[in-house]
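Chains as they are written, first to last, in this note's numbering: chain A, 615 to 1020; chain B, 4 to 238.
Honestly, the hints are just simulated from the structure, not real lab data. A few of these clues could be false.
[Unchecked claim] Each computed SDA-like pair below joins lysine to any residue, with the alpha-carbon atoms no more than 20 Å apart:
hint: 1; chain 1: B; residue 1: Lys123; chain 2: A; residue 2: Met617
hint: 2; chain 1: A; residue 1: Lys1008; chain 2: B; residue 2: Ser81
hint: 3; chain 1: B; residue 1: Lys63; chain 2: A; residue 2: Ala1017
hint: 4; chain 1: A; residue 1: Lys921; chain 2: B; residue 2: Thr22
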Amino acid sequence: MNMYLTLAWRNIWRNRRRTLITMASVFFAVLLAIIMRSATKGVYENMTDTMVRFSSGYIQVHAKGYWDERIIDNSFSNCQALWRRIEQTGVSSIVPRLETFALLAAGDKSRPVAITGIDPSRESGITNIGDKIIEGRLPKNGEQGVVLGVTLSNILRAQVGDSVVLLGQGYHGNMAAALLPVCGVVRLGSPKLDESMAYMDLSACQNVFSADSMITSLSVMVSEPDAMESAFHAISTTVDTNLYEVMHWKQMLPELDQLVEADSAGHYITIYILYLVISFGLFGTMLMMTRERLHEFGILVAIGMHKRVLGFIVVIELFLISAIGVLAASSVGYPLVNWFHQHPIRVGGRVADVYRGFGLEAIIPCSNDPTVIAYQALLVMLVTMLLATYPFVKIQRLQPLQAINS
Amino acid sequence: MAQTVIDAHNVSKVYNPGTVPVKALTDVHLHVEEGEFTALVGPSGSGKSTLLNIIGGLDKPTTGNVVVAGKDLASLASNKLIDFRLHHIGFVFQSFNLVPVLSAKENISLVMLMQGASKKERNLRAEELLFRVGMSDKMDVRPGELSGGQQQRIAVARAMASKPKFILADEPTANLDSKSAANLLDMMAELNREDKTTFIFSTHDPRVIEKARRVVTLEDGRIVGDTAKTPLTHV
Ligand SMILES: Nc1ncnc2c1ncn2[C@@H]1O[C@H](COP(=O)(O)OP(=O)(O)OP(=O)(O)O)[C@@H](O)[C@H]1O
Ligand SMILES: [Mg+2]
């Protein structure tokens, strides 16, 4: 090993206890930060993914004005040209939907319901709605049938094989009425959704609502959440914004975005305070490490060591202390968050209610994204290097005689 | 004719010229040739350390000039001056000369590393020097486990490692008991005789002064005596 490195390495162990305490403080701070960030990120991603998949997709294209007045009259023709334009932006999939409202009735029970006409084959890859069917199946292409949310099915007392009556308003004031067999029951996981959702095949739905080849939205999925921004810009520039409106989920679900942002901000403040405390600890250790060796520094410079070499050694020492703390925290932190990724924490009480209110399962699925760890590690190393500029600059100004006589 | 290694001319040093000026050196002329074994003596505060520091390029004279190994020190900018010290001047300080986390051998090696010597060269020379100062058996021992006298021997070996023109030692025996002090001086004298290593050291100790071949006496910052006790052997 290089002698300067050896020197730095041995120097940090001159005061074993102090070094260990400093390393431990870095370790705990980084570990805590990793856990906090991974948990927040996991919750964030789980929330957005669940919400986004079920309700909106990452990006939606509507007829202009639909979002402000979500009625079937604001639908648009599901034309090939538009699909091609969107497909060219490289998004992972496109799903057409026709969303509207109607009254469902069975026996003496009735209920206003959100009806979503879906293309079952396309939809299943995204909302994996097929997996959530607990009874029966999704309608086949063109089949007149309805899939009910599990609570809704109970309220209407309509099981698979029974029929429900649909009553509502169709496109351009047409009457929509149909007797629909229940072909499936779905459990979406959120009480709110389970009591208000019903699915139909898209073309059957268009039929019932007299809205041939009309849809209310094209939902666009991207391969990963981070690809949303660029896809949004690409689609916005490619479609005619006089006819269509392009929205991303943060616009469509602002409460969700705000909740996540507010939550993250709180966590960041905690983490920054944590790092501030650690910085003071590191700085103190560093001050002591350099001050008590002033005589030695003086001698080294007197006998011919360049101050930048000496400064470099001290920087390496600080780097090593932090790096060991950070490495230890990462190697404990990664398996830990990975474990919580696979075994999400269940939350209860009020927090659970908040989650359910958003249609989410009440779990904290920890993210096991290594970039969270890398980010915390880099942040701490960056802070360390910033702190290290102080002794480095001090050493560049060192007067060997004064130092020797100190 | 021996080579001149130090030529100090009209050197004066005033500390704190702004506030309470202290005249530490006044019009000092000092000429040292290769192979000398010279003691700088004088009462406390007479300017011995000041003179050694100026010669060693650790301090600057207020007036006058110092030529070391043919180079005017005033012409050297800070990093050049550090390099100059590394290559031409050996230093032994009063105490705690060594890096405590490095072994005796590593302490000696470090200087040669700074000079850019290869590992093989460093090892060879460090071992040779340790042998010369009688410390071969303490090669891998750290300074903390050595006596003051042993540490000073290592410090002398380190000073020699860079093959300097001369070695400056400001009271190298001040923290040693008299026996260790005498031993260290005997060793230095031997290195001087056998290798022509030039030593300039300051001291208060009469028994150390005895071993010097030239004694320069300072008083109130002036040279008041300069005697060669035994004829200088010129090579
Ligand atoms: N950094 C300084 N600032 C101000 N005055 C100083 C400084 N260093 C030395 N002096 C003064 O200069 C004079 C000479 O000091 P110097 O240390 O050279 O003497 P010395 O002969 O080495 O003494 P000693 O035998 O005690 O080591 C003294 O009066 C001392 O107080
Ligand atoms: Mg002195």
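Structure-based check of all given hints:
no.: 1; hint: B:Lys123 / A:Met617; result: holds, 14 Å
no.: 2; hint: A:Lys1008 / B:Ser81; result: holds, 16 Å
no.: 3; hint: B:Lys63 / A:Ala1017; result: holds, 16 Å
no.: 4; hint: A:Lys921 / B:Thr22; result: violated, 30 Å
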